[in-house]
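Trainee: The chain contents come next:
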Amino acid sequence: MSAGPVLLELRDLHAHLSTRWGVVRAVDGVSLTVREGETLGLVGESGCGKTMTALSILRLLPQPAGRIVAGQILLEGEDLVPKSERQMRRIRGRRISMILQDPQTSLNPVFSVGNQLVEALRVHRAGPRRRLRALAQEALRQVRVAAPAQRLRDFPHQMSGGMKQRVVGAIAVSGPPRVLIADEPTTALDVTIQLQYLTLLEEIQERTRLAMLFITHDFGIVARICDRVAVMYAGRIVESGPTRELFAAPRHPYTQALMAAVPRMDESVERLPAIDGQPPALQRLPPGCRFAPRCRHADDRCQREYPAVFAVGREHEAACWRAESSPSR
Amino acid sequence: MARVDTRLPLDVGPETTTAAAPAGGRGALGRLPWPSFLIIVGMLLVALGAPLLAPHSATEQSLPDKLQPPAWQDGGSTRHLLGTDLLGRDVLSRLIYGARVSLTVAAAALLAGGGIGLAVGIVSGYAGGRLDSLLMRVVDATLTFPTILIALLLAVSLGQGLRTMVIAITLILWARFARVVRGEVLTVKGRDFVALARVHGCSHVRIMAMHILPNVTNTFMVLLSLHIGFVILVEASLSFLGAGIPPPTPSWGQMVADGRGQIASAWWLSFLPGVAILLVVLAFNLFGDWLRDWLDPRLRQQL
Amino acid sequence: MQRYILRRLMQGAVLLVVLAIVVFALARVTGNPADLLLREDATAEDRAHLLKALGLDRPTHQQLLIFLKGAVRGDLGDSIRYRKPAVEVFFERLPNTVGLVSIALVGAMVVAIPLGMLAAVGRGTLVDRAAGAVAVLGIATPSFWLGIVLIYVFSIQLGWLPSARMGTPAHYVLPVITLGAFLVAGMMRLVRSSVLEVLDSEFVKLARIKGLTQTVVLWKHCLRNALIPVVTLFGVFFALLVTGAIVTETVFAWPGVGRLTYEAVIFRDYPLLQAVILLKAIIVLGVNLVVDILYAYLDPRVRYA
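Residue numbers (our numbering), protein chains in the order written: chain S, 15 to 343; chain D, 202 to 504; chain V, 857 to 1161.
It should be emphasised that the hints constitute simulated quantities derived from the structure, not laboratory data.
Treat each hint with caution, since some may be false.
What the hints assert, rightly or not - Chain S stretches covered by chain V per the calculated footprint, using a threshold of three residues with CB under 8 Å from any CB of chain V: (1) 95-105; (2) 121-128; (3) 131-145.
Backbone N, C-alpha and C fix where the C-beta goes; we use that ideal spot for every residue, glycine too.
Pulled out of the complex, with its shape left as it was, chain S reads as follows:
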């Protein structure tokens, strides 16, 4: 898929959460770009800050604990960080949207599906009820829900998980947004349904050319759907590059360890495979490379200094001192 202009760009984004165990640097200097029609995979162990990055972009960090402390979020060149809540409301849903992980809890159990879908449509366009209803039917048809007119009257508990997630998808793209964040949208689905859902997302993207930030911990999905990948560890991106190249030659020891532990690329796994040791607690980060304590190549400098980002290929970067010495094309 040919990539168009950059729609979403994060520049050195920092977001902190105040918890009772101290300030957690959940997002700690993340930079990334997603272009029109492109899918960027954001990969990492659970708790590495992927979801917090996504929520930061929508300015929906948990309140009052979460706060963006530095950096820029550029949506089509426009910085979202200084925006007021009022301005953000006009951006959410219409220009940038998100699919949540668990379809079982993403829909309000006490309102019908139609109610919730029409509500999403009504936020950004006025119109008589009937027209909105027709639009809602069309939206359901586009996410391949059969008999949409009847489904609109259903309540969430009457639908299967896969069906609910399609509805959530329909709500998310009803804007229609330019940027879609998908936060592990298939993790809670059956394996067979997962594939259908990914296909659906690809169709939507092809039709609308939206930029997609796909959060997952599943390398199989990355290989299938993502044009580029960014690997996140302890609040930072440690390696990024085109999917094919990164898979062929991962440069960061963390990426390598992750890939080494994946048995087959097309087999989806529920969790990232094990790597010895534990990631650092995000409220007490070591001064040097965060992966150093678990890295078998780590030396003194790794313990002391956080590595710079080195270009290791075309659009391929790694934050590792070992990448410094290796030949870059």
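Fit chains D and V to the given chain S structure using the hints.
Mentor: Same frame as chain S, but now just chains D and V:
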């Protein structure tokens, strides 16, 4: 392939910060509600030392001294610090002896009602099946029924007195205890040591007494402390309605009721015992909240 | 749904029979019920007449049947104090209580629900703390005492509001506050905790992602879900009100069934008391049934289950 759990400490971190405020754990002792604690200790001491502390008899009438205002009011004297009632009885002394009545009723009723509730809860949770669903139906029915009506009925048919009062409050209390204890038992029952005890051929009674009971003790203690204030309030309400401990024994609820007729001329007669009830119930409730957060924070959702 | 209602009606009927037997038995625990049913100035002749009329000279199981038969026909004996059928006395007073209780209930909800939501949204702020303090105080305050204090302040000292009996709308103010106060406390706590739970949910996140305003998120998505536990406990609240009305009506000399209950206790009017208890039980059970149907409407998961 190896599927090792790679959960980060963060998994219990930021995601949960938006949930309930930190409860229990370290430092809870430091957050002991001292004012409540002092009120409770004070009340216990007053109740125990009533004969020593009370300046006058609580029941002796002296009509010439009737309706004297408290010492700080015009016409008050230090002889009767909080004034006297319609029959010339010393209000302070009656308040002091009234603490005894409140605590006696609370202790007896909690022991009886709590004990029955504990037993029913353990049996119901442990036995499960039809017995469990039957008992829980009865519990539900009891909880939705205004049980105070039964208490009033008892007072009229059995006659007023400590015994009637305790039976009445037991009827109100047991269901509240049974429901929470049963819930606890259900979680304990599934643990391995119960299965192990069964494998070892322990009898049901023995398992309930030796394995289940110790594990619901914390919950039971929390329930007890959370209900002291409630029982004192119920006792006061029944006394107020003329269904409590019969006069002339002083009880706070009765005192509020007695002072009602003189509210325009002698406001302190109703006001002071009410303040006593309010403070003591408040103290016990706050103390109970603290004990819950300290011993068994999970109960926060249920209580 | 119909089968559900039918089953609930059956359960209610069983409960009522049990209650009737308890009432019947209690009158016999301490001696001959005739002594409970007679006026103090009754003669031996009156007693013999009553024994025969009520069949108290027959074996106990026959007496029970006679009592139950009477109860089913709506005959629960004559009130000693009012010298007419107890059931009749009850229904004369009922409207006064219904008015008071429903105003208190609606008032409590109108105050408690927004306050609970405000406290939840502003968690940890001054509003939340103030609401928490009010709740703690409200639960610990004996309502009979609160009523007396209100009378002292607003009727006796300020002379703004009437202190007793019915009449103008102003007569409602103090009793409604007294009756509603403790309900507000409990309800507010409940609403606060359930709103907190809902605010944390994924569907609220999705609602925000849609670009909905805080107002819509709160008053549409949160409110309906937060109301579910309130409605679930509605039966308990109602039972509390029935209890609370006894004390409140006593304090304010309100001519309702609560005050009637108190009179029955004070004057040892056993036939009246047993009638009051059985009729109140029927009302409470009926309200609970209605609440459960309403609950099914609020929560579609139950409706279609």
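Trainee: If a hint holds in the structure, say so; if it does not, say that too.
Mentor: So, going through the hints one by one against the coordinates:
With 4 residues having a beta carbon nearer than 8 Å to a beta carbon of chain V, the stretch 95-105 of chain S meets the requirement of three or more and the stated coverage holds. Taking a C-beta to C-beta cut-off of 8 Å, the stretch 121-128 of chain S contributes 6 residues in contact with chain V, enough for the three needed, and the coverage statement holds. Under the rule that three or more residues need a Cβ within less than 8 Å of chain V, the assignment of the stretch 131-145 of chain S holds, with 4 such residues.
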